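Protein chains in written order, with the UniProt record's numbering: chain A, 1 to 405; chain B, 1 to 94.
The hints are simulated quantities; they were obtained by calculation from the structure and are not laboratory data.
Check each hint, because a few of them may be wrong.
Quick list of in silico lysine to any residue cross-link-like pairs, SDA-like style, CA-CA up to 25 Å [said to hold, decoys possible]:
#, chain 1, residue 1, chain 2, residue 2
1, B, K86, A, E372
2, B, K72, A, Y78
3, B, K84, B, R19
4, B, K84, B, T10
5, A, K319, A, I281
6, B, K65, A, E257
7, B, K86, A, I47
8, B, K84, A, D55
9, B, K86, A, D33
10, A, K369, A, R282
11, B, K92, A, E257
12, B, K86, A, E257
13, B, K84, A, S48
All figures in this text were calculated on a predicted structure; none of them were measured in a lab.
Listed below, chain by chain, are the residues.
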Amino acid sequence: MASKLLLQTLTRRQPTTIIRRFSTAAAVATPPDYEDPSGITMKGVKISGRPLYLDMQATSPVDPRVLDSMLPYYLSRYGNPHSRTHLYGWESENAVETARAQVAALIGASPKEIIFTSGATESNNISVKGVMHFYKDKKRHVITTQTEHKCVLDSCRHLQQEGFEVTYLPVESDGLIDLDRLRKEIRPDTGLVSVMAVNNEIGVVQPMEEIGIGALYMRRRPRIRVEPQMNGGGQERGIRSGTVPTPLVVGMGAACELAMKEMEYDERRIKSLQDRLLNGIREKIDGVVVNGSMERRYVGNLNLSFAYVEGESLLMGLKEVAVSSGSACTSASLEPSYVLRALGVDEDMAHTSIRFGIGRFTTEEEVDKAVELTVKQVVKLRDMSPLYEMVKEGIDIKQIQWAQH
Amino acid sequence: MAASGLAAPTRTEVLQLYRSLLRVARQFCDYNIREYTKRRTIDAFRDNKNLTDPSQLSAAFSDGKAQLEVAKRQAVVYSLYAPKVKSIMDIKPS
Numbered sequence: 001m002a003s004k005l006l007l008q009t010l011t012r013r014q015p016t017t018i019i020r021r022f023s024t025a026a027a028v029a030t031p032p033d034y035e036d037p038s039g040i041t042m043k044g045v046k047i048s049g050r051p052l053y054l055d056m057q058a059t060s061p062v063d064p065r066v067l068d069s070m071l072p073y074y075l076s077r078y079g080n081p082h083s084r085t086h087l088y089g090w091e092s093e094n095a096v097e098t099a100r101a102q103v104a105a106l107i108g109a110s111p112k113e114i115i116f117t118s119g120a121t122e123s124n125n126i127s128v129k130g131v132m133h134f135y136k137d138k139k140r141h142v143i144t145t146q147t148e149h150k151c152v153l154d155s156c157r158h159l160q161q162e163g164f165e166v167t168y169l170p171v172e173s174d175g176l177i178d179l180d181r182l183r184k185e186i187r188p189d190t191g192l193v194s195v196m197a198v199n200n201e202i203g204v205v206q207p208m209e210e211i212g213i214g215a216l217y218m219r220r221r222p223r224i225r226v227e228p229q230m231n232g233g234g235q236e237r238g239i240r241s242g243t244v245p246t247p248l249v250v251g252m253g254a255a256c257e258l259a260m261k262e263m264e265y266d267e268r269r270i271k272s273l274q275d276r277l278l279n280g281i282r283e284k285i286d287g288v289v290v291n292g293s294m295e296r297r298y299v300g301n302l303n304l305s306f307a308y309v310e311g312e313s314l315l316m317g318l319k320e321v322a323v324s325s326g327s328a329c330t331s332a333s334l335e336p337s338y339v340l341r342a343l344g345v346d347e348d349m350a351h352t353s354i355r356f357g358i359g360r361f362t363t364e365e366e367v368d369k370a371v372e373l374t375v376k377q378v379v380k381l382r383d384m385s386p387l388y389e390m391v392k393e394g395i396d397i398k399q400i401q402w403a404q405h
Numbered sequence: 001m002a003a004s005g006l007a008a009p010t011r012t013e014v015l016q017l018y019r020s021l022l023r024v025a026r027q028f029c030d031y032n033i034r035e036y037t038k039r040r041t042i043d044a045f046r047d048n049k050n051l052t053d054p055s056q057l058s059a060a061f062s063d064g065k066a067q068l069e070v071a072k073r074q075a076v077v078y079s080l081y082a083p084k085v086k087s088i089m090d091i092k093p094s
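The shape of chain B in the complex, shown without the other chains (with noise of 0.2 Å):
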């Protein structure tokens, strides 16, 4: 659809976005959001891996890259309000 006109994305190019992904997950400072940017990330790359079709390729890797731009801003918009005390899940048993 959006993606027809544009060159279906190299290897290299989506191994960047999905580490990309990955790493703006680390940075949300809230456990579930961070949880599920990485879960999601690794779980759509998975469903997507045998994807061939050159528009179908395209389509997905802009979708990722619109994800990469809320994640990148959301992980900022968090860390600006994030609450003094941390989750009980992110507080290991000393």
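Excised from the complex, chain A in its bound form (with noise of 0.2 Å):
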């Protein structure tokens, strides 16, 4: 963007104007120049008013009561937490460690067991990587699943490149593990089993509570000790040095605090409304698999596939739905996604899966959008596709011998 608004502004040959628009475009929060009152257009696609979001699972919109908390913080309570000799780093000092107390009740632990880092790929990474190297005298192992999340799977890799073992447990097709065959792979030498909670692509929860966590906790007693992966000013009881970002951390605090408190609301009703966008869409069309187990899943994630079509299209065609096919980690590929290869989905479903995420502000009016849009285009793309009108003449498409080119 910038460079292009260079290069237009260099063709015009007015230095004056360059200067003056870069200096004003860093400090004014002017609005983006692809809205206007009629609607947005961006990489060619015009909408009429900003897409509904359901991809919840890729981000989630910041609460207004977290926000009203974490304000203060960017105005005039700006103090580094770290500062020992004024009032403005001992009342930042204290935020952070209200927000610690706050995280710690969520999850049950103490809040000497919580270290703030920036975020989960992060927290993987130390958990991982730094755990392996502190131990890395008496355990040479390392157990994790095939679906973990790319930040595990590399810090993995890394330690395979270092010498270290590492076992990727295959999944079923539901998406979960096979205790038992975990259970068969732990080695006297394995130094950490990492299997996440729930899935960010397919939303399956897998039973942690039958095996031995942007917040890191680490367990006091046994003691687990890392090597830090970040060196500097020994902040985070030097496990992460760094200076801690109070706004943010209050954030994260507040959220905790408001997730214990909602968390039962809400889950009540994100859960009806996953069955009503699964209901909906089921009751309109065949030919839809929701991949992953349906009994033990987070609430708030349905990853379908739909027979039939093809799933670029299915996105392109759905503009006015902000979903993904998976993982924004992994989505610049066209590739159909590793965690859904894994649980043994055909290539053509692998390529026509959506993943519909739900969340607090979710409306049963967007889900019932939602499910209208994705049935129109689903009807649609199928209505053009010859595969579909042999499989309704009853055609087995699997036996097709297809010509080579």
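Both chains are sitting in their own frames, so use the hints and assemble them into the complex.
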């Protein structure tokens, strides 16, 4: 964008405008130029309004109550929580410690066991690499699953390069691990078993209580020690050096406290929306498959595959619904998701998956609209598809020998 | 807890708080936040309909008042950064 602007202004040869444009662009929140009151035009697509948002596993909107708790720390209370010599530091430190207690309360831990990090990727890097590096003399083996988030898989790969052994446990077709199989893989020198509680793509909930967690929870008794991945001023008990960003941490604390209060209410509501979405789609079209276990599933997620339609065309046709085909981390490629492949989903079905993410602010009307638009698009694509016509005529398309080009 | 010592709110005060929350909900320009504030207010008052214990009543009342203050501030913040284009859910088919 900036380079395009630069190019335009340069070709007009008005050096004075360059300076002015750049100086104002950075300082003032000007409305983006792709919006005008009649609609939004972006990437060649024109939409009359902002799409309804169902991509809650990519990110979710900040709750106004959370933002309300954060704003003071962006305005007057801007102290560095590690400053020891003045009020600004002390009040920020208090806010950070309150947040730590709020996070700990949510997960039933002690505040001393909470380490603030930049997010899940960093937490997982510290856990996986930090634990194994610290115990490298005795423990040489790690177990994880094939459907883990990339940050765990890549940390494991990194360990492999350093000579550690890694077992990537396969999952069943419902996305869950086989506990007996896990038991068999554990060896005396296994230092870590890393299994995610809720999968970011298919939302299946692994049986965590039966095996052995933006903030990192680190148990103190028996004590787990890690080698720091960030070195510096020794903040966060030396495990994660770097200044703790007070507003963000305060927001996280407020979000955790809110989650504790609202969890039951939200879960009941989101479950009913999940049912409404699935039933709504299934009532109108056939050939819809839920990816991953339906019984052990996080209620805010529904990952569906639509037979006989092409995934990209489906997503392209759903411009008024913000959804994705899988994780945002890997959406740049057209390859079907490695998570779905680990479940043994057929290539063609893996290509047509859509991940619907429902959240606290999703409405029934949005779910109904999403059902209506999805059904409309699937029917449209199937009407154009010769494959679907053949299936309706009773031809088993899996048996067709396609000519080689 | 914090409510000890506070007198239980009168019926008029409760109704007033309920109406104020619904009024501030309508002021949110964001579709999802507006609908949520409305829904959460209605559901919370319904859940607490049968409260009779004065201390519980005043605790719920003061919690509601605190929520009203947050909602009032946030409705202003949201209005300051409202996108020009509305949610498709707010656009009535013509």
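How the hints compare with the structure:
Pair hint K86 (chain B) plus E372 (chain A) holds up; C-alpha atoms about 20 Å apart against a cutoff of 25 Å. This hinted pair checks out: K72 (chain B) and Y78 (chain A) have alpha carbons roughly 24 Å apart, not beyond 25 Å. Distance hint between K84 (chain B) and R19 (chain B) is unfulfilled; the C-alpha atoms sit about 29 Å from each other, more than 25 Å. A C-alpha spacing of about 42 Å is found between K84 (chain B) and T10 (chain B), which places the hinted pair above 25 Å, so the restraint is violated.
Proposed proximity of K319 (chain A) and I281 (chain A) is supported: the alpha carbons are some 18 Å apart, at most 25 Å. With a C-alpha separation of about 18 Å, the suggested pair K65 (chain B) and E257 (chain A) falls inside the 25 Å cut-off, and the hint holds. The straight-line distance between the Cα atoms of K86 (chain B) and I47 (chain A) is roughly 11 Å, inside the 25 Å bound, and the hint therefore holds. Note on K84 (chain B) and D55 (chain A): the hinted pairing holds, with a Cα-Cα distance of about 22 Å set against a maximum of 25 Å.
With a C-alpha separation of about 15 Å, the suggested pair K86 (chain B) and D33 (chain A) falls inside the 25 Å cut-off, and the hint holds. In summary, the hint linking K369 (chain A) to R282 (chain A) is supported, as the alpha carbons are separated by about 15 Å, within the 25 Å threshold. A distance of roughly 37 Å separates the Cα atoms of K92 (chain B) and E257 (chain A); the hinted pair therefore is violated under the 25 Å criterion. Proposed proximity of K86 (chain B) and E257 (chain A) is contradicted: the alpha carbons are some 31 Å apart, above 25 Å.
About 11 Å separates the Cα atoms of K84 (chain B) and S48 (chain A), which keeps this hinted pair within 25 Å; it holds.
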